[in-house]
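Participant: In case you want the letters, here they are:
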Amino acid sequence: MTMVSTPRLEVKNLSVTFTGVTVLKNAHLKLMPGEIHALVGQNGSGKSTLIKLISGVYKADSGGEVYVDGKRIGTPVHTASLHEQGLAFVHQDLGLVPDLTVRENVRVGRHATFGFTGMINKKKDARATREAFDFLGVDIKPETKVADLVPSERVAVAIARALQERNLGSGVIVFDESSRAIPPDALEEFYGHIRLLASQGTSVLFVSHNLREVLKIADRVTVLRNGSVVEMGAPTSDLDEAGITRLVLGKDGELGDYVRSMPSEIREGGFTLTNVAGGRAFGLSNTIRRGEVVGYTGNVDSGFSSVGPLIAGVHPGGGEIYVDSKKIKRPKHSSLPMVRAGVAFIPQDRHYLGLATELTVQENVTLPHLRTKGKPWWTGLAWQRRETETVLAKYEVTPPDRKAAVSTFSGGNQQKVLMGKWLLEQPAVLILDDPTQAVDVGARSAVLRAARQAAVDGSAVVLCSAEVDDLAAICDRIHIMEGGIVVRTLQQPMTADDILAATYDIAKGSIT
Amino acid sequence: MSNSAVTEKRESVPWKVTRYALTRYSLVILWVVMLAVLVIAIPDGVNPLIALRAVLGQISPIIFLGLAVVITMAVGEFDLSFAAIFGFTAVAIPALNVLYGWPIWLAILTGFAMALVWGLINGLLIVKVGISSVVVTLGTASVAAGIGLLVSQETTVSGIDPLLGAIANTRFLELPLLFWYGIILVAIVAYIMSATPLGRSMLFVGSNPAVAKLAGISVTSVRIGAYLASAALCGFAGVMLSLSLGGFNPISAATNLMPTFAAVFLGTVAVIPGRFNPIGMAIAAYFLLTGVFGLQLLGFTGWVVQVFYGVALVVAVTVSHLLRKRIKT
Ligand SMILES: Nc1ncnc2c1ncn2[C@@H]1O[C@H](COP(=O)(O)OP(=O)(O)OP(=O)(O)O)[C@@H](O)[C@H]1O
Ligand SMILES: [Mg+2]
Numbered sequence: 045m046t047m048v049s050t051p052r053l054e055v056k057n058l059s060v061t062f063t064g065v066t067v068l069k070n071a072h073l074k075l076m077p078g079e080i081h082a083l084v085g086q087n088g089s090g091k092s093t094l095i096k097l098i099s100g101v102y103k104a105d106s107g108g109e110v111y112v113d114g115k116r117i118g119t120p121v122h123t124a125s126l127h128e129q130g131l132a133f134v135h136q137d138l139g140l141v142p143d144l145t146v147r148e149n150v151r152v153g154r155h156a157t158f159g160f161t162g163m164i165n166k167k168k169d170a171r172a173t174r175e176a177f178d179f180l181g182v183d184i185k186p187e188t189k190v191a192d193l194v195p196s197e198r199v200a201v202a203i204a205r206a207l208q209e210r211n212l213g214s215g216v217i218v219f220d221e222s223s224r225a226i227p228p229d230a231l232e233e234f235y236g237h238i239r240l241l242a243s244q245g246t247s248v249l250f251v252s253h254n255l256r257e258v259l260k261i262a263d264r265v266t267v268l269r270n271g272s273v274v275e276m277g278a279p280t281s282d283l284d285e286a287g288i289t290r291l292v293l294g295k296d297g298e299l300g301d302y303v304r305s306m307p308s309e310i311r312e313g314g315f316t317l318t319n320v321a322g323g324r325a326f327g328l329s330n331t332i333r334r335g336e337v338v339g340y341t342g343n344v345d346s347g348f349s350s351v352g353p354l355i356a357g358v359h360p361g362g363g364e365i366y367v368d369s370k371k372i373k374r375p376k377h378s379s380l381p382m383v384r385a386g387v388a389f390i391p392q393d394r395h396y397l398g399l400a401t402e403l404t405v406q407e408n409v410t411l412p413h414l415r416t417k418g419k420p421w422w423t424g425l426a427w428q429r430r431e432t433e434t435v436l437a438k439y440e441v442t443p444p445d446r447k448a449a450v451s452t453f454s455g456g457n458q459q460k461v462l463m464g465k466w467l468l469e470q471p472a473v474l475i476l477d478d479p480t481q482a483v484d485v486g487a488r489s490a491v492l493r494a495a496r497q498a499a500v501d502g503s504a505v506v507l508c509s510a511e512v513d514d515l516a517a518i519c520d521r522i523h524i525m526e527g528g529i530v531v532r533t534l535q536q537p538m539t540a541d542d543i544l545a546a547t548y549d550i551a552k553g554s555i556t
Numbered sequence: 279m280s281n282s283a284v285t286e287k288r289e290s291v292p293w294k295v296t297r298y299a300l301t302r303y304s305l306v307i308l309w310v311v312m313l314a315v316l317v318i319a320i321p322d323g324v325n326p327l328i329a330l331r332a333v334l335g336q337i338s339p340i341i342f343l344g345l346a347v348v349i350t351m352a353v354g355e356f357d358l359s360f361a362a363i364f365g366f367t368a369v370a371i372p373a374l375n376v377l378y379g380w381p382i383w384l385a386i387l388t389g390f391a392m393a394l395v396w397g398l399i400n401g402l403l404i405v406k407v408g409i410s411s412v413v414v415t416l417g418t419a420s421v422a423a424g425i426g427l428l429v430s431q432e433t434t435v436s437g438i439d440p441l442l443g444a445i446a447n448t449r450f451l452e453l454p455l456l457f458w459y460g461i462i463l464v465a466i467v468a469y470i471m472s473a474t475p476l477g478r479s480m481l482f483v484g485s486n487p488a489v490a491k492l493a494g495i496s497v498t499s500v501r502i503g504a505y506l507a508s509a510a511l512c513g514f515a516g517v518m519l520s521l522s523l524g525g526f527n528p529i530s531a532a533t534n535l536m537p538t539f540a541a542v543f544l545g546t547v548a549v550i551p552g553r554f555n556p557i558g559m560a561i562a563a564y565f566l567l568t569g570v571f572g573l574q575l576l577g578f579t580g581w582v583v584q585v586f587y588g589v590a591l592v593v594a595v596t597v598s599h600l601l602r603k604r605i606k607t
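Here the protein sequences line up with chains A and B, keeping their order.
At the far end of the first sequence sits residue 556, using the numbering used here, and the numbering has no gaps.
At the far end of the second sequence sits residue 607, using the numbering used here, and the numbering has no gaps.
Excised from the complex, chain B in its bound form (with noise of 0.2 Å):
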């Protein structure tokens, strides 16, 4: 035992930077070169910044709707609605608006509302009442996405005012500032979940409720919690969105599911490895997102897309779970 400390303890700073940054965060380094790689392969050449840029400037719901499932995730709960509560809200603003001519502000009340009943009705009914989340949260996706298709009477509905869009479209820094939103929810999330009691009583409820129970942690409020803060963003990601592309089409929302969850589980070999964490997640999620621009930029259609999400997320699981077991044994 002696021997081996010792040499544990003369290991070098340089060295133990190193090995900290190799396990927490390899995945940058693996983002970095994957950059790299695009801009030598592509035949005439992009610059790199410029690339960079088209990637961070997406307007994509990826990071909100990861925020959400991470959340759900870290307290043990498992959320297949979300997409749909998203794609409910982001129809439901534009339909109201243009199509039954409510005033804009009204729309994206009851749009943002819905979203909050939607996961009210995940909570209660999971929570409250006991019945599978997968059983539940399938459900409400279903019913989400159909209710949709009836308000948006089953077509791209768009017509919102264009000058509205720049609540998520304007520039700061050369990046829309529906970036820098989901900088600030990750950096918040971030916060909440590893330097406050409340994310404390996250992690307990997901990793062992009857001890949380024991620790006086409500555990009931915190998972109802946790799916109507998952709503929440959903819902905003809706709002978002809606307001920046000026309209939304009903079928476009059930893309989003396997990119996020991809994303979720590969972000936890990242940063806090084998556990959910939002900065994981939100690196993960520009890494695939690098890697799916660069498939395009190569000239690869959508089938290739879809492989690569699902080798993502099988890759990601699997490393998280050697992780894991690491730890454990």
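So here's chain A without its partners, still in its complex pose (with noise of 0.2 Å):
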């Protein structure tokens, strides 16, 4: 009996401060062997960094106390001590290195911990990975570089990583954003796995801004709101996802149908494809005209996902592109045709594609209108500050400091700052490629409103997701692919339970 009520872990009174901004204060934080515990928070409000200071990635202001197992660990927690008390972590920006082989980035702590004499068993190794990777249903090679793979298969590399740290029975995995990189289709079972983990005893502690998958999992849920924890451990029996929603934003929620209350007329031009083919995806051929928003979605091997670059012209490809009937030229290395006939593409892959993270948000978010807006010999000031700091009133991006770099952003806010950057200028053509990911309730109807109302002003939105939810909210019209092609067309009214069926009932198709 004193065994179990002693907690697995047991944070108290965890404060850091940033350049002179207290990030967190006093967090506390409490989980039990063997319990699902969510960690939920707007964006910004200091879940990572918690997780951070935990994992000892952070060094918190002094003060605080971190416990496993009753035993006092920190602070400072030292990186080793983490190895013996069976923590182990899936940070929000993963922390693999993009030019060794997944089998090295899976294997590597590993390595380190046994230290045997002699040398790397490669085909060991290897299958210690694939084994990881089957208990994730996923299937993703070793000896590929981490740099060649997709967003969701690197996290899904970091799953890996972190699960073979577990210790049958004890210690804690940590998930920040994972599920997020789970293929829907595969998704109930990365849920199975962590129940088992947690009936085993392990504790779970998982970071989410998808609230109905915290109320289906979790048994208890802390809120972080500014950096303060407002709720902790709180029973998600007792929750429902208003309740929850409210716990988050400290407000109401709105539950979004953007289709039904923002009505868009449909303008004459638009952007066509015929023919259209690369990645995994072929034979697109569909006309979205200028103030219509068109979704594009499917089961992770659908091929829905090489739509957003190849349509946007990032990926080469075969097939015709027009914006209001003009033909638009694709040369194999460059997308420069497309920007300039006015094609604005929010990549799925924030870091890469997206932001030039190094570099503050002002200089990123004027980036793609300097040519519009300012002089070839005077990049001008004014406009800058004022479209700069609307982007960041628009969508609440916190902090609101225009000359901070972007990495100093959490994941969310720097999300927010990405779609203020494209949406400053009405586009002819928006291309969205899973545009909510990373961020919070409050921001994702802020980003969901933003593209339905670049189709009101008169823009071309293409929307490509597995978010049924974000589907259903703002799209007149969605293909459904399998296999590369589109298979199955829903026009409004639908419902994301509609979209759901239609495409799960496609993949049990093709089976038989």
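Fair warning: there could be bad hints in the mix.
Claimed, not checked - Derived lysine to any residue pairs resembling SDA-like cross-links, with alpha carbons at most 25 Å apart:
hint: 1; chain 1: B; residue 1: 294; chain 2: A; residue 2: 404
hint: 2; chain 1: A; residue 1: 189; chain 2: A; residue 2: 360
hint: 3; chain 1: A; residue 1: 69; chain 2: A; residue 2: 51
hint: 4; chain 1: A; residue 1: 447; chain 2: B; residue 2: 597
hint: 5; chain 1: A; residue 1: 376; chain 2: A; residue 2: 360
hint: 6; chain 1: B; residue 1: 294; chain 2: A; residue 2: 63
hint: 7; chain 1: A; residue 1: 447; chain 2: B; residue 2: 599
hint: 8; chain 1: A; residue 1: 447; chain 2: B; residue 2: 406
hint: 9; chain 1: A; residue 1: 373; chain 2: A; residue 2: 321
hint: 10; chain 1: A; residue 1: 419; chain 2: B; residue 2: 474
hint: 11; chain 1: A; residue 1: 185; chain 2: A; residue 2: 237
hint: 12; chain 1: B; residue 1: 406; chain 2: A; residue 2: 360
It is worth saying that the hints were derived from the structure and are not from the lab.
Two chains, two separate frames, one set of hints: put the complex together.
Facilitator: So, in structure tokens, the structure goes:
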């Protein structure tokens, strides 16, 4: 009995200050053995920071305490002691080495721990890596370079690495927004694994913006707001979606059906695809008229995730693309003609394609507009300041500091900056690739509303996403893909469940 | 959050100014300190103004080469051939003029055009063909230096009409025109890099080319353009130095490699911390020249100068690395 009442992980009074700003103050957290515990809060509320304090990536201000199984391990927390205590982390920024192979990334900690004499047994390592992936239900070759993986596969690699750190029945595994990378059709299985780990006695701490997921798998939830814990370990059985949304936002959330609340009028012109093919998608023919929002979705192997970069001209491909009936050239290594034709692309890979993170928010936001708003011999200062501040205010970016480097912002706030960058000027075509990744409930509606607004204002909008709620909220029409081609089209009125059913049915149908 | 935010706001104006100056202009302060130390340390005593004039008035290509390197570094390229391109032009002009009897204007034009050709070769091979910049520029450096030796018949050629030296050596406000050319070019490049869309494009190409491309910037032209602009600056320095000195020693060009890199990297801790910037580079260059000048006055010989530049380079890179890390975490 006394054993059970000792928390597996307990955090007391953890605070941290970055360059004069206190980001987290007096945070508390308590995880019991075998518990699944969710950590929620708005973008920039300090979730990742709290996790990085526990894992010793950041150094806490003095006074904080971290206990594992009643034993004080910090602060300061030493990374080595985490190993011994069976704590494993999947950070939001993953911490992989892109130039090394998947196997090397997954196994690197292991070599260090065991320190046997002799050489690395690559075969054994590869087998262990594959086992870890089997456990997750993903198929990644151990000898691929991490740099060559798509973002969701990278998360799987980080999860695989963390999972093999676990000790049966003890320890804690921490996931910072990891489930977002699990393909929707493998999610149930992933939840199953988490439940299995917990039932064996390992504790699980996870961060998620998907509040439905939180209610579904977490036993208890801790809520952060503005760097403070406002709710510690509330049982999820007492909460519903509206309730937990209120805890996160501090006010009622809006449940968006923007198709109805923001009617859009179809205009002349638009975005036309004729037999466009590339990546895992082919035979794409469609006309997205100005004023319309069209979705592409499907299960993981359906090829829908190739659509965004392909039609934005980022990935090379065949077929023809027209903007307002004008054919756009697509040279192999340049998306320049597409950009010049007014095609704005919000990529899924924020760090690689979206933002230059070492540079400031203002520099990033104004970049695509220098040609139109600045003069060749003078960028102009007033408009840059004005427009950047508009973006910061409109999307509620915190902190609203336009001169700060993008890398100092939380993941969700970076996503908002990326949206603002492209929507500052009305694009002819707006292509969004999973735009609500990493954004909180409040910002999610801001992002979706902005996308819908772009259509209302006369852009042709394409949304590529596996998030059925996002699709249902803003799309007039949704194309469901399977095996690289569009197999079914849904029109409004439709619900998230309709989309799910349509996607799932086809996936099932293809088996027979 | 609110507590510390309030304390930050309450920070007094003089303190803010001091902190701003300290983060951006500590190198200038260090430079003044160095001058003062020199004045005190030198046995017979020197007039600080005369010392300053001697430092600023040196006939040196460092500022121009530094600008060339700042431009390529800013767009994320690495160029080892700048000193050789400079040397090639500086050698070709006296050689063509004196040894082969070409009229001086034709020699100058040819020398400068050849610098652009080296830059174009760099740009095309690195950007269009996609070969590593270290390999290509190391190669061009060696080839340019070799051909320079060939044209000059492996000797120091001199004998350009000394009157032409006036274009660089004439004094204005007690300093040679060469110094003022440097100042003007630094100002122009600094303006372009910080206040024009072109400069912003360079910044993004250097920081994240994929993002730049998605924003409609022609990454290829910016990168090739940087190699061309860099070569033009090296060519200009070559023209000026050969005219100023009336000739040029082909071996001496390579000695500029270290001081230039040291100035460029040391420049990243000043003015715009963490970024390659022309004004920071210029401050750093004169800081280093002052140091060397002082060492010479104190009677130290060649080896100390090398050690000095080496230490400055490593210290600069270390400091700017730490600065960047502070920005990131
Ligand atoms: N290295 C840093 N330097 C300065 N500020 C930072 C740094 N890292 C984080 N912050 C700030 O700390 C706050 C909390 O960030 P954190 O990443 O913990 O948020 P989060 O709750 O994980 O948000 P998200 O849901 O967007 O991932 C943010 O305001 C962020 O700007
Ligand atoms: Mg986070």
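Participant: Would you mind marking each hint as holding or not holding in the structure?
Facilitator: Structure-based check of each hint:
Taking the CA atoms of residue 294(B) and residue 404(A), the gap is near 21 Å; set against the 25 Å cutoff, the hint holds. The suggested pairing of residue 189(A) with residue 360(A) holds, with an alpha-carbon distance near 21 Å, which does not exceed 25 Å. Among the hinted pairs, residue 69(A) with residue 51(A) is consistent with the structure: their alpha-carbon atoms are about 21 Å apart, no more than 25 Å. Proposed proximity of residue 447(A) and residue 597(B) is supported: the alpha carbons are some 22 Å apart, at most 25 Å.
Taking the CA atoms of residue 376(A) and residue 360(A), the gap is near 6 Å; set against the 25 Å cutoff, the hint holds. Under the criterion of a C-alpha separation no larger than 25 Å, the hint pairing residue 294(B) with residue 63(A) is consistent with the structure, at around 15 Å. This hinted pair checks out: residue 447(A) and residue 599(B) have alpha carbons roughly 20 Å apart, not beyond 25 Å. Restraint check: the Cα-Cα separation between residue 447(A) and residue 406(B) comes to about 35 Å, which exceeds 25 Å; the hinted pair is violated.
Proximity of residue 373(A) to residue 321(A) is assessed by CA-CA distance (about 15 Å); at most 25 Å being required, the pair is judged to hold. Proposed proximity of residue 419(A) and residue 474(B) is supported: the alpha carbons are some 8 Å apart, at most 25 Å. About 21 Å separates the Cα atoms of residue 185(A) and residue 237(A), which keeps this hinted pair within 25 Å; it holds. Note on residue 406(B) and residue 360(A): the hinted pairing holds, with a Cα-Cα distance of about 18 Å set against a maximum of 25 Å.
When held up to the earlier numbered hints, the structure conflicts with hint 8 and nothing else.
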